[in-house]
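*Asks:* Let's have the full structure, built from the sequences with the hints guiding it.
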Amino acid sequence: MIHLESIEKVYRTEKIETLALSSINLDVQEGEFISVMGPSGCGKSTLLNIIGLLDAPTQGKVALNGTEITSYEDRRVARIRNEQVGFIFQTFHLISDLSVLDNVEIPLLYRRNLSGSQRRRMALEALDRVKLTSRVHHFPSQLSGGQQQRTAVARAIAGRPRVLLADEPTGNLDSRMGDEIMGILEDLNRNEKTTIIMVTHDPRLAEKTERIVRLFDGRQVN
Amino acid sequence: MLKNYVKTAFKVFLRRKFFTFISLFAISFTLTVLMVATALLDHVFGPLPPEVKTDRTLGVYELRWEVEAGDSRSAQDGPISYAFLDRYVRTLPDVERVSIFTHFFSSPVTSYKDGEKIESYLRRTDGEFWKIFEFNFVEGGPFTTQDEKDANFVAVINEATRKRFFGDQSAAGKTVEVDGQRFRVVGVVANVPIFRPVPFADIWVPISTSKTRDHLDRQNLLGGFQALVLARKPSDVPRTKEAFRVSLSRVEFPNPGHTNRLYAQAETFFEAVSQRLVGSKEESHPERLLAVIVGFMILFMLLPTINLINLNVSRILERASEIGVRKTFGASSRTLIGQFVVENVLLTLIGGLIGFILSFLVLQMLTHSGLIQYAEFHINHRIFLYGLLIALFFGVFSGVYPAYKMSRLHPAEALRRRA
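From first to last, the protein sequence lines are chains A and B. In this text, residue positions in the first sequence follow my numbering: the first is 1, and each later residue adds one. In this text, residue positions in the second sequence follow my numbering: the first is 1, and each later residue adds one.
It cannot be assumed that every hint is accurate.
[Unchecked claim] Quick list of in silico lysine-lysine cross-link-like pairs, BS3-like style, CA-CA up to 27 Å:
| id | chain 1 | residue 1 | chain 2 | residue 2 |
| --- | --- | --- | --- | --- |
| 1 | B | K113 | B | K174 |
| 2 | B | K17 | B | K7 |
| 3 | A | K15 | B | K233 |
| 4 | A | K131 | B | K7 |
| 5 | B | K131 | B | K233 |
| 6 | B | K113 | B | K7 |
These are computed hints drawn from the structure, not numbers from a lab.
*Replies:* Here you go:
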């Protein structure tokens, strides 16, 4: 489903050149749940950003369902992200001025041909999946860390994406809340066959996934 | 989606109340000044009673006569003689009406009532004058062309003059003595403000009641009169202007042995003002005056617009996380530009609403101050529309660049920044 070939990412400033990723080759099958591990600064988040089309590689190819999308223009890439990819971040990245329901609706705003009532229904369904329907009109500041992350998960799955990218989704949570979130992700993978790629530092969580991809200094290690 | 944008916009406004206040203050102050200026211009040049047919009314207000005799050169300019207008303007073909009347810039005339001196602006007109303008008669009606032919000593006065002469009583049928002449009042009209110099006066009487017959002297090209030409329809205006040019080319000069040059136009009031300010002898160049007015307005808007742009750009960092999230979940750069422009336009419209209220108050103060004689300023639909357009222009123009900058933020980079 996801094919990365000879991916290289270099960050250049006026004085410094940083090689974030080098010679990354990765294939992810549909329905797989894999984790990406490595020390801080090894390029895990950069890899996730490239897979999620938030960043473009300096060299190499990215293909989704057999179609190479490395050279697509901004609008097309945005549309693919909207329809096929969901993101969960370590720091949740909820918009503080919007309610839980409005936050979850965000991906649906950029879908064509969805009425307001349809958006609302899909958002509520997603909140129901993460068991947060009692908090729909709350604001992020009124939620616990676990509830905020569950809101972020609902936002990521509201549009029923085929791929879920989670960047340290439990990193800011205690173990109990972290297990809760992991449970939701496992459930999505098992029941919805959602492909999940998760960056994590926690070997306990990584062992629950089907495959671990290890990175060190921007390179894959076996 | 628009509902979401509006909701987000209000949340953003309330999040940083001080910034929002500064923005609203700048917008509303700028718009107040511009709307008051627009209102003043509209009241001077726009179609307002009694001048409602401005789209097909042309005036012949001034004439410039240059004479060359050998090495000697002379020039005169000013209002025109009655004889000239009667001969070369009243005879213009295919027009609905022509009116001749005395020009505005004459000294006030004196009357006495119960020992008290009253000064009034007197205008002498023909009967056609009342058919070109639509005065609001509060009593009686106008004098007619027949009155003018018969030299009847009748007068139309305004409400202010009625008050001065007769207090709260009716004036119809009563007599006023003006500049040593007695006139019977046949009509009373609502006051016309002084910035409408063509119809403005306190008292109107027939031309034929003039104390002398000098105005009939055909030798004079210049005198104390002006004319209005009412075309049949607005599309006839260019043809009427051309007809006047042709008529002008046939003028018989009292001194044919000399080189005579005559400059005059049948023009709208705006064109006449433009000629005085930015035009030449031959052309009024109204587009230059319009460019000057619009240029000043844009210049005036420039500083607050630049400030607003700076303010919005400085808030990019504050909203970087939100931008990153929206882009991550599928918002294209174009969509984000649209969102931020909508937010800015909303803010500008709120500022515009405050500006409207303040403009209304300022215009009311101007009206009641008595600074401008008989002025009554109000916001009509035209001024409302101009104000709305100015606010929208302001909103879009000051929002596009910050919106563009916001939309160019790289999502991965934006997410790394915290709100």
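*Asks:* Taking the numbered hints from earlier one at a time, note which ones the structure violates and give those numbers from smallest to largest.
*Replies:* Of the numbered hints given earlier, those the structure breaks are 3, 6, listed in rising order.
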